[in-house]
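Chain by chain, the residues run as shown.
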Amino acid sequence: MTALATALTPAHLRFLEALFPGEELVTAPEAMAVFGVDSSRRAAMPWAVVRPRTEEQIVELLRWAEVERMPLVPRLRGTGMSGGAVPAFGGIVVSTLWLNRVLDVSADDFAAEVEPGVVTAEFQALVQKRKLFYPPDPASLKISTLGGNVATCAGGMRAVKYGVTRDYVLGVRAVLPGGRIINAGGRAHKNVVGLDLTRLFVGSCGTLGIFTKLILKLLPLPESSATVLGAFGSLKEALEGAHNVFRAGILPTALEFMDHTACRGIAQIRDVPWPTGPDGGTQAVLLLKVDGSASALAYELDRLERALSQANPSCLLKGLGPKEEEPLWEIRRLVSPAAFQLGPDKLGEDIAVPRGKTVEAVEGFQALGKEHGVHVACYGHLGDGNIHVNIIYDARDEGQRARAKACKEAVFRLTLALGGTMSGEHGTGLTKGPYVSWQLGEEERRVMAGIKAVFDPVGILNPGKGWV
Amino acid sequence: MPSMPNEGRECVLCGCCLEDCPLFATTGREELSPRAKALLAGPSKFSAAVLDDTAAAELAGLCLACGRCEKLCPQGVSIPALIASVRAQHPGFRQWLWKQWMTRLQPCWSLATRGTALVPQALTPVSLGLALKGLRGLRPCTGLRAWLTITKFPKEAFRAAYGDRPVALFDGCVGSGPRPIWADTARHLLRGLGANLADAAFSCCGSTLGTAGLPEDQATARRANVDAWRKAGRPLVVTYCATCRKGLAEYAGAGLFVDAHEEAAWTASVTPLAALMLGATAKAGRGAPAIVGYHRPCHADPGDADFQLLSGLLGARLRTPAKGGCCGFGGIMQLGAPELSAQVGAACWAGLDAALGFSAAPGVVPAHVLTGCSGCVIQLAATAPAGAHTGHWLEIINRH
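Sequence order for the protein chains is A and B. First residue of the first sequence? That's 1 in our numbering, and the numbers climb one at a time after it. First residue of the second sequence? That's 1 in our numbering, and the numbers climb one at a time after it.
One or more of the hints may lead you astray.
Listed next, the in silico PhoX-like pairs over lysine-lysine satisfying Cα-Cα at most 20 Å (straight line) [what the hints assert, rightly or not]: (1) B/Lys71 x B/Lys283; (2) A/Lys323 x B/Lys323; (3) A/Lys161 x A/Lys370; (4) A/Lys142 x B/Lys155; (5) A/Lys142 x B/Lys152; (6) A/Lys129 x B/Lys323; (7) A/Lys236 x A/Lys357; (8) A/Lys370 x A/Lys236; (9) A/Lys217 x A/Lys131; (10) B/Lys155 x B/Lys283; (11) A/Lys131 x A/Lys357; (12) A/Lys217 x A/Lys236.
Where chain A lies over chain B, by a calculated footprint (3+ residues, C-beta under 8 Å) [stated by the list, open to error]: (13) 48-55; (14) 263-277; (15) 317-323.
No lab work stands behind these hints: they were computed from the structure. From the three backbone atoms N, C-alpha and C, an ideal C-beta is built for every residue, glycine too.
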């Protein structure tokens, strides 16, 4: 593979100026700065930023970029947690935020066609008006986009019942290097003709093509939902409570948990409904949602309460309907930023283990935190074994920095020993890139590299990210 | 375990603020988002050689100071405060101009409103254009017609809460300048409540001076107001501009009071006029618009007393967009980037139109929009579509 371009030449700049007039091209470093960061807090200055308004511009750009061997870093809202959108290896940032139309919502097909820049929560609200439901709900849903969610295969809290973004992408239209346009999948809910190229795009972190259209699957909107929050005096009791729920034959829409460190972080930024005290008070909190028809929900809620009560909760709060439920879920969405209350820096990992290994994993991570002398907050999607492990430390202290890194690596090793994966939903990006070979074998990586080469033979799309 | 003091107040780039920034929502330009501003104004992730201080300060300064992002920030970062400090560190032409606008022009506003047409365009800085347009919108003759008569004042509730306590009206720059009718009507309402009116020589609330990056001028204005309040016997301070109310509430914690007791007394004193009027009833006169819009100011008090009062007085006649948009006034940003301010204003009117439907049925539904903030009144007047009527809710109240 020939080396990629290492900087923009005046000729390159002239080309970009012609293709992206006015505000569509950004070259002032002050204006480009924000396009060089994401929620991972990694940073690198782009060489330039382009904001196409049409697919034709993207086709032209990719035709040119392949010839010029110009690295391109696709971007939407930059809310990813692993640095996938950070141009750490140089290149032009391609923001498709201005491709943000909802092209079609069909209540007959249970399908929608959208451009990548549509904000996820706004799309959900739009289809909801037609009694339709788009289930994926990453914690960032109010600020992230459908295109970004598809690029990272964003998960979310409802995954335990409804699955992740991957399960709702019927088709993808993307522009490939060289300016080729590919239409993967379609509007049919079932499709087994050929290899599943759609699935290859989902979670590819912008390394295979630039999306211009997504076809999404919709469900009928559940009539109502209900939420229960339970606080427990020990982690064991909380996990026992969760176990009871499944044993009772209930499949919750969401089953989230927060350990005592996560609870402490939230308590520092807002009033919390659970008991707090000098001895820690609450050791773990469970948050469960069920949905369905209004009449069935009352019965379901009752069963849920009974199942949790057997595990001796110190408080049980109920919310029926979105208005009562929202404050309970807002607490959960604040966990990640609240972790900064415990220290100025954090490593936010999102491992997933086989569901039966969750207790072992959480207890193991907490022990690793103590062993390495750093705060470890565990929270997340208990229902599907996807645990967020936040390692909180102060990067100005060299000792802490080294211990945090050692802790992160120990967390990965334990996860893999339990048969899990280093990333359940954030993707590998920059922060986990160097560890991919711990999980994927040589042959698997060779096959992936071969697939990448078919889409992007020169390697211009988001270089350095993924599975190298 | 290491003990880690809460460093706090530092942007962690989580992006929670992206949910509600009127400037970002309208333009889709990420470099105008609150996160971009925090990145430029905070500790740099890029080397000093890469970013130019002045250019960074100028870009970060493109902020409407609406404060919506602050409410969403889990770290408690206030972008308007951050920008104010950046402006204070980078004094320049625009700040100077705004100071002229606020401090020199203000006493002449009542004159200027009658005579803006006479201001020689050659002497008018181009970027003052929109602000001047707003001022034209505030000429006495272009205010709203009064069509609502208060039929019952909540006198008992007022008496029970405040008794004979002296009450001073805080008129702010617009009420004491180009719109004396606001001050007159506000006094009429206070008299109707049976309030014991006191005089206090208040000046500008200082909030606009603060966001413009003039902390010393802001401090002077604030001290003058606290002195005036003391001299008047620490009366109830009644406001009818949302930004003034917010500005006055922010005196707490600014080191202006002798002790915590006096500070608490001040905080308890600052009250929106509408809150005192809750429970009033009114009758709409002939020719009253069938549908009336309400624009919620970004700086409205948490309970939005203006909206509560108007809902009570106007009932089903009152409509407001479910997701209230920012008008885009933006204070000093008017001078630096009037086109951005106008863009946000247009989006705001589009939201009002969606709720009221005046462009779909122009003959039936009037574009009649009320608000409760002088900045919003200026901006709504400046960006209003042809034929629209907009003003402070005080303007529709009959004084007889």
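Tested hints:
1. B/Lys71 x B/Lys283: Violated. B/Lys71 to B/Lys283 sits at ~37 Å, over the 20 Å cutoff.
2. A/Lys323 x B/Lys323: Roughly 16 Å between the alpha carbons, so the hint for A/Lys323 and B/Lys323 holds.
3. A/Lys161 x A/Lys370: The given pair, whose Cα atoms are some 34 Å apart, is violated under the 20 Å limit.
4. A/Lys142 x B/Lys155: violated, 45 Å
5. A/Lys142 x B/Lys152: violated, 44 Å
6. A/Lys129 x B/Lys323: holds, 16 Å
7. A/Lys236 x A/Lys357: Since the Cα atoms of A/Lys236 and A/Lys357 sit roughly 13 Å apart, the hinted pair holds (cutoff 20 Å).
8. A/Lys370 x A/Lys236: Measuring from Cα to Cα gives roughly 18 Å; hence the hint holds.
9. A/Lys217 x A/Lys131: holds, 14 Å
10. B/Lys155 x B/Lys283: With a Cα-Cα distance of about 18 Å, the restraint between B/Lys155 and B/Lys283 holds, given a limit of 20 Å.
11. A/Lys131 x A/Lys357: violated, 37 Å
12. A/Lys217 x A/Lys236: violated, 38 Å
13. 48-55: Contact hint for the region 48-55 of chain B vs chain A: holds, 4 residues under 8 Å.
14. 263-277: Result for this restraint: violated, n = 0.
15. 317-323: n = 0 at 8 Å, threshold three: violated.
Violation of the numbered hints given earlier is confined to hints 1, 3, 4, 5, 11, 12, 14, 15; the remaining hints are satisfied by the structure.
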